[in-house]
Amino acid sequence: MLFRMIKGALVRQWSKMLLIALTIALGASLATSMINVMLDVGDKVNEELKAYGANIVVKPKASSLLSEIYDVEDEGTELQQAWLKEEELGNLKTIFWAFNIRDFAPFLNVSARIGEETVPVTGTWFNHHLSLPTGEELDAGVRSLRSWWDVPNEDWIDEQAPGAEREIMVGTALAERMGIREGDSLILTGTASEANVTVRGIFDSGDSADEQVWAPLDLAQELAGLEGKVASVEVSAITTPDNDLARRAAQNPKALSRADYDTWYCTAYVSAVCYQITEVITDSAASAVRQVAESEGEILNKTELLMILITALSLVGAALGISNLVTASVMERSREIGLLKAVGAHDKAITCVVMAEILLTAMVGTAVGYFAGLGMARFIGRQVFGSSIDIKAVVIPVVAVLISLVTIAGSLPAIRMILRLDPAEVLHGSKA
Amino acid sequence: MSKRRMFFRMITASLLRRRSRMLIALLSIGIGATILAGLVTVYVDVPRQMAAQFRSYGANMLLVPSGSVLTQEEADDAMALIPEEERVGAAPYRYEYLNMVRRQQSFAAAGTDFDQVKRTSPYFKVNGRYPESPREVLVGKGVADTVGARLNGVMELTWFPPSTQEEDQGDADFDIRPGMTLAGHAQGYGSREGFNDNPVYVTFTVGGDGTIASISVDTSSETAGVGTRCSEEAFTDLFIGKKPKDLVLGRDVDAVSGATVTSAAVVQAIADARPVTDESAALVPRTINYAVVGILETGGEEEGYIYMSLDDMGVITGTSDQLDLVELSVSATQDSLERYAEEITASGHATARLVKRVTKSETAVLGKLQALVFLVTIVVLVLTMVSVSTTMMAVVTERRREIGLRKALGAPDSAIRGEFLGEGLFLGALGGLLGAVLGFVFAQVVSVNVFGSDIRFNFWLLPITVLVSMAVAALSCLMPVRRAVAIDPALVLKGE
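In order, the protein sequences belong to chains D and Z.
Here the first sequence is numbered in the numbering used here, starting from 290 and rising by one per residue.
Here the second sequence is numbered in the numbering used here, starting from 4 and rising by one per residue.
By construction, these hints were calculated from the structure, which means they are not laboratory data.
Fair warning: this is a prediction, and the values are worked out from it, not measured in the lab.
Just so you know, even glycine gets a beta-carbon here, dropped at the ideal spot from N, CA and C.
Any given hint could be a false lead.
Stated by the list, open to error - Listed below are the simulated DSSO-like cross-link pairs for lysine-lysine, each with C-alpha atoms no more than 27 angstroms apart in a straight line:
hint, chain 1, residue 1, chain 2, residue 2
1, D, LYS543, Z, LYS128
2, D, LYS543, Z, LYS144
3, D, LYS518, Z, LYS144
4, D, LYS350, Z, LYS128
5, Z, LYS144, D, LYS350
6, Z, LYS144, D, LYS374
Unchecked claim - Stretch-level coverage of chain Z by chain D, calculated; a stretch enters the list once three of its residues show a Cβ under 8 angstroms from a Cβ in chain D:
hint, stretch
7, 40-51
8, 58-72
9, 125-135
10, 211-225
11, 300-309
12, 389-396
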């Protein structure tokens, strides 16, 4: 009998039920899309912020102890510079947070002569192929770390193309001063050897690199006779904004309690990633580039907070909208409820029937709304970030619970109010 | 009773009598209007607020001298071309090389204004504090590690005149007259052996009889404990009372044992000395002790510098009001930045350059964030408005019986429609007003919590919110009414 009543109500009052289902679907889709976007916005914005370049710099540890050596060598002999080993760079992809390392590139600054003039030459990887001992293959290079450079036609040096080892790129200021043009052949004379090179392109960086020659790392090493050596490494990593624990850890990780240490080590704080890098590269000191790392955290936090508040507003809006409509639809049926009561139905039974109808409608609405919401989240992700928003399964129970609570909160008090009234009055239509 | 009064009475009566339903309708419109006003206010103000956040990446414009030197006045004139409210900070920098003679190393030092640095480079992490009084320095971590400088320690820095000016020793034709001050320098052990480029400096005054009356020797470039003994009085007093011309070491004065090269340099410097004029007064090396009050950590190139106030830099170099660079942090879009840079460069006060790394990345990221808030606003608004109208429709559909009854009593369709329209407009206006106020409150809460500053209200939004609410309410009222009106009243009253 119960089912028949519910079925009857749903079939006969389909247009009203459709309206409820529609509103609930709207609310559910709003909740689904906003929560999904909110949960993923941090990662997405973090990716975007990689445009500012590397947030970690790795340098040889010994260079900070250079002074000690210098003190001893009073006779002005050449300084013994410390280096990182090029062959160890692949290790960066073996640390705990390897997946968070977006890109990295080594740097070696040497000087060379073009004709009479001495110019600074920066050796680096542009699009270097690495085969790790783990069997992983990857390409790393400076392109994504210098996203603000203007390179005509995005025509960077590509080490994987033939002949790239004898190509250079020249900064616009230097090129202008020396009259160097794209495609020119030059002779670079380094301290150890000289090389015939062709100019692949002229770049505009807007900073001091405009006065430099950029060359593949191998070429720079050869010019200075520093085979296999690297002066610094820039790493672009996706990190979590620092909190108190991260700041304490940055002082001295060893001073943390065991539990804190584990939490810190297993969170992608920039200090934790730095620490892990120093573990895999011999005699290195990794430090956060604060200009990038600090600002990144700041902006991430603000964006996430902004999205949380907007989401909260739209959730409250959706919730109020749904419970409002449900209340209205229950009150609309006061006559029917009064009649049921007049013919002797128990309050409990009436509540059950009405609630069952509404909840059934809500379920259908929620299901439709959830998928519509996924579509909307995807749309936002594609439009704004050019990649889909990660769909989190946790949203399903959240939305389901939210909608059921809101529906119950909207209908139960209304049903009770009508039940409290005298059926005669309700049927007469003078109350409510 | 006039027709108009009847109209109002019907609307108010229906609103009053059907309190609970109307409350529901009002609430629903209010929610819609709140979301509209709140989100649009946030959307309009977010770019400005976010742009301010992006200033934490530091300076996005540099002023460099158009000629050889940039004065504070020129920099101020150039900056005046940028609206004041867009200038977040402007840190002047003057770079010089200062030496730690004991370590025979020289470091890049920057004179600046720390109040401005805090604004243009908010990412600076200072262990200790920023310098506040004279003779205090902030030392980059790189420098501190290299020389072992400690917080609250003392750092002795020496400024040497630039070597290009040294070449110009002035006119060699002059007579030594009483009361004259002369200064000269010569290559000592340090510069001969390549420890550093700095010579031995001698300054002396001439007494009434044409002999040296007082003398001071700067041997800070020499080997500590050996050559430096030549600046001690035991040696310098030997020169007092001697004629400055044609001194010979070993005949007129005895060399300090073990420091023959330095002693010879002192004699040579006296022989080469030229009268000191006001201009050349600047060209005397100065050594000053500074208190290290802070160690700077940035992870970038800044760690290789020593920072002091512009005044301190003026004192140690003897010249002031020369800037090498002004770092500007401007809260503006890339287009306006480019325009400002062009205007400044064209004005001739200074040459403005954009820091591409900051401006280009900012444009990219900020654009995405704006697009995000825009899309979210659109999605939320559309959904909310649809939900508002479904609620309104439900409330109105319920009154089909009433419509049928009135129609049966002979009311024309237009009157019924007009009445419901009036009701909808009234609810819309009230709900819109309520929502606009609540929406502004929401926007303010967001702004204070997220950005820590007040939101900028757009007062046009108030009438817009009210109008949109009225339109949505009226539209969603009319649709079900139109349907109810179209049906035969008998059918409606029967409840089919």
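To see whether the hints hold, each was checked on the structure:
| no. | hint | verdict |
| --- | --- | --- |
| 1 | D:LYS543 to Z:LYS128 | 22 angstroms, holds |
| 2 | D:LYS543 to Z:LYS144 | 22 angstroms, holds |
| 3 | D:LYS518 to Z:LYS144 | 24 angstroms, holds |
| 4 | D:LYS350 to Z:LYS128 | 21 angstroms, holds |
| 5 | Z:LYS144 to D:LYS350 | 14 angstroms, holds |
| 6 | Z:LYS144 to D:LYS374 | 24 angstroms, holds |
| 7 | 40-51 | holds (count 4) |
| 8 | 58-72 | holds (count 3) |
| 9 | 125-135 | holds (count 4) |
| 10 | 211-225 | violated (count 0) |
| 11 | 300-309 | holds (count 4) |
| 12 | 389-396 | holds (count 6) |
The earlier numbered hint that this structure contradicts is number 10, and it is the only one.
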